[in-house]
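Start from the sequences, fold in the hints, and give me the full structure.
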Amino acid sequence: MTAVFRHELRNDLHALTTYLFGACLLAFIGLWAMMYNLQAAVNNFEYVLEAGCLAFVVIVPILTMRTVAEERRQRTDQLLYSLPITTVQVVLGKYLALLAVFAVPLCVIAVYPLIFARYGDVCLPTSYGTLFAFFLLGAALLAVGMFLSSLTENQGFAAGIGIAVILLNYYSVSLAEYVSASAFGSVAALYVVILLLGLLIRYVTRNEKLAWGVGLALLAVTAAAYVLDAQAFEGLLPRVMSRLSLFERFYVFVNGVFDWTAVVYYASVMGFFLFLTVQSMEKRRYN
Amino acid sequence: MIEIEHLTKRYGEVTAVSDLSLTIGSGQIYGFLGPNGAGKSTTMNIMTGCLSATEGTVHVGGYDIFEEPRQAKRLIGYLPEQPPLYLNESPREYLRFVGEAKGLRGGQLRGQMDAVMEQTGIAAMADRRIAELSKGYRQRVGIAQALLGDPQVVVLDEPTVGLDPIQIIGIRDLIRELGRTHTVIFSSHILSEVQTVCDQIIMIAHGRLAAFDTPENLERQLLSSGEIALTALAEPARVERLLAAVPGVSGVELLGEEDGRTAARVRTGAEDIRPVCRDIFLAFAGADTVLLELTPRRASLEDVFLELSEAAGPEEAEREEDAL
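Heads up: the protein sequence lines correspond to chains A and B, in order. By this note's numbering, the letter at position 162 of the first sequence is numbered 162, and the numbering carries on one by one without gaps. By this note's numbering, the letter at position 142 of the second sequence is numbered 429, and the numbering carries on one by one without gaps.
Treat the hints as calculated values from the structure; they're not laboratory data. Quick reminder that beta carbons are idealized off the backbone N, C-alpha and C, glycines included. A hint or two may mislead.
Unchecked claim - A few chain B residues that face chain A, going by a derived Cβ cut-off under 10 Å, partial list only:
1) G299
2) T335
3) C337
4) G364
5) E380
6) A524
7) R525
Now the structure itself:
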């Protein structure tokens, strides 16, 4: 794992995207810090981070698009398979390198509240609590981005899908207000999700029977549940959409609450997508 | 060293490798021969743990490649068909990564890196970007990578493809040199290459083992079915009549007539075709017929190859393994 980590880190240091990522993050946070803390003279640094998290929509895919897709494009993934290291080690090494790259601009940002505290009354625990959550949010999104990168050998495609997914997640709470809250609407949306899940299973396992089986079973279960108790589906879709929002959990920290459930939530998202990345890479061995 | 038992690999409907079993000993050079799409790459990918098998097992030095991949992979160095190189790095950086991944550290790593760079002749290029290197040098970097960690078996998938003749000779020499200290398995679809370099030939066709023997034995096996090519200054009917009278001739195929010359291919059932040649000559001379050409055609490895690959399995066209 350390070999992959060091190699990946060395690669990142030579990649333009790494510097683009750091520069964009610093510029974005710097801009908001200037507007909020300096010009508007607000003494809450957490608001800067709240506004700044929008930057993740673009910069996370920029950083992650290369990770696995590039290996696949230049066929070096075969080297990784043939080396006496496990896919879990490869994925973890790559992910830790991404986190290290992400942590560097954060270290710079971590100085800001200290500087502001010299000139005013800054609530440091909230600032650093939010910064920690900012790191967790970014780390979870990096895991998502890495998984998307493992699905294709086309970096542009990985980045595009990444931006779309993160943007959708960013706006999912606002969107939730507009989607149908009726039971029927929720079931319809569930059907779409199940179909997509079926397609994903088919793509990952290349097993038609399994995909159809799982898909049809879930569809039948949903239909049965709807017939039995339509009430339960009332407002399900908006609820799920706001639950899935990674950003919504972050705003809790901004309000000054150190939410342990959110920490667990982020950790589960990371674990889940790293697991999927491993599966996606392993799948190449079992095609 | 490597034991493959009942190995089968299916891609959906297509069977790339079908019930392949063979045992590869140590300290020799093995040539893996087969037409494109025969299942060479698939077998090598499975052998080295890059690909799963549908059925069957592979043991490397006693370790199951699927159950104990870590121990098994340590014994193998693998160069896939497309050298897996990070083009932005220098050979030195690249080899350091591979060495570290193979568990080498510190002085041991540096020592081995220097040794393999020396052995493969890339020391002078060690600090250039791999993207700037020629194909021959890239191939050498790929081989150097396989040699790190001092594996007992080196598996090279078509190491000479796409190289110019001088580079090919260089790689062949390198393979010969490696054969003194390692078990080398390399695949090729060029017969002469395998013939000159290998101690043992593994022929594979349609995913099945077609032959496994020394080059000499394989050739000898087919010498008996040798043919004779002849051209005579006579009309076809006469040639056919004269040949029919010669003992040992089992079949005649007339290839056509041009300017009064008739070309024919004669099949013999004899172990040694030289007496038959003599009899044919005497028969034609006795009938005052001029023989313009009389050539005993010994079966080359090429014929063995073609015959075996057709005999092994006439089924569906196999798919070349390029999934990885």
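Hint check:
1. G299: At about 7 Å, which falls below the 10 Å cut-off, the nearest Cβ of chain A leaves the hint on B/G299 intact, so it holds.
2. T335: Hint holds; B/T335 Cβ to chain A Cβ min 5 Å, cut 10 Å.
3. C337: holds (4 Å)
4. G364: Result: holds, 9 Å to nearest chain A Cβ.
5. E380: holds (7 Å)
6. A524: violated (61 Å)
7. R525: Constraint on B/R525 not satisfied, violated at 62 Å.
Of the numbered hints stated above, those contradicted by the structure are hints 6, 7, listed in ascending order.
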